[in-house]
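Trainee: Make a model of the complete structure from these sequences and hints.
Numbering (my numbering), first residue to last: 97 to 330.
Heads up, a few of these hints could be off.
[Unchecked claim] When the alpha-carbon atoms are kept at most 30 Å apart in a straight line, the in silico DSS-like pairs for lysine-lysine are as follows: (1) Lys241 / Lys298; (2) Lys287 / Lys265; (3) Lys206 / Lys265; (4) Lys287 / Lys241; (5) Lys213 / Lys300; (6) Lys241 / Lys208; (7) Lys176 / Lys120; (8) Lys213 / Lys120; (9) Lys244 / Lys265; (10) Lys244 / Lys213; (11) Lys298 / Lys208.
[Said to hold, decoys possible] Derived Cβ-Cβ restraints for the label pairs, each shown as a range: (12) Ala304 / Lys176: 48 to 56 Å; (13) Leu268 / Asp123: 51 to 59 Å; (14) Pro221 / Asn161: 17 to 25 Å; (15) His124 / Ile293: 50 to 58 Å; (16) Lys213 / Gln165: 16 to 24 Å; (17) Asn161 / Ile186: 36 to 44 Å; (18) Pro221 / Gln175: 23 to 31 Å; (19) Lys206 / Ile293: 16 to 24 Å; (20) Asn162 / Lys241: 47 to 55 Å; (21) Tyr270 / His124: 38 to 46 Å; (22) Arg197 / Arg261: 22 to 30 Å; (23) Tyr270 / Glu193: 20 to 28 Å; (24) Arg198 / Ala304: 32 to 40 Å; (25) Ser239 / His124: 38 to 46 Å.
Derived from the structure by calculation, the hints contain no laboratory data.
Owing to the predicted nature of the structure, the values given are computational and were not obtained by experimental measurement.
A virtual CB, placed ideally from N, CA and C, is assigned to each residue, including glycine.
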Amino acid sequence: MEIAISKGHVAIRDWQKDEQPREKLRDHGAGTLSNAELIAILLGTGTPSTSAVDLAKNILDLADNNLNQLGRLDIKELQKVKGIGEAKAITIMATMELSRRRHSSELPTKPKIGNSKDAADILMPLLCDLNHEMFYVLYLSQSNKVEKREAVSSGGRTSTVVDSRMILKNALLYNANRIVLAHNHPSGSLKPSQADISLTHKIKDAAALMDISLLDHLIIAHNNYFSMADEGII
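Mentor: Next comes the structure, spelled out in structure tokens:
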């Protein structure tokens with residue numbers, strides 16, 4: 097994918113100082129920069145015919161100007177942009193992964209789950225832009241405060257293997273009275289499969305024998321979610 101630049105190329109070093117991305121960030125803060133300017137800083141340099149900012153704009157065009165979509169692009173897809181080699185593609189992917197891991201770090205407080213949206217707000221940043229399936233569990237106290245958030249399995253683009261015994265073992269370890277399950281569908285479909293529903297009922301029944309309540313199972317796809325509790329499946 098190549099995008100033509102209609103205006104004559106002017107190197108960033110020849111821009112006004114207060115318009116250059118690095119200097120703009122230093123003097124005015126990161127919040128004043130556009131997405132393209134931030135990506136340009138990551139790229140470092142452009143090409144002889146395209147500035148780093150214009151190159152960054154081309155990358156954003158490839159992702160429909162959607163940062164979640166950008167986070168799903170792999171090295172080969174990023175290299176479709178003229179001027180993006182392996183090193184620049186890897187830099188972008190590493191940055192997106194750091195952003196994802198920031199969301200994955202331990203919760204500073206113990207948020208309370210009152211409904212499916214509360215759970216989705218915690219889990220969607222971790223799952224919404226992955227290109228492989230991943231399964232998370234929220235372990236809750238009797239008062240519905242999150243004691244632990246944990247990834248329990250990671251799989252391919254269409255499935256992941258979940259060990260229900262490990263989930264319940266960890267629930268006892270964390271003194272959890274309630275649990276919320278969540279996994280993503282990289283395909284973008286929010287519809288639960290029969291396997292999703294069967295697994296949910298299996299875990300719910302096993303948890304009940306241990307006086308642990310399964311409150312919900314969320315399916316997350318891009319920026320949306322499906323709640324099995326809200327839809328009456330559990």
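Trainee: Which hint numbers doesn't this structure obey?
Mentor: Violated hints: 8, 17, 19 and 20; rest satisfied.
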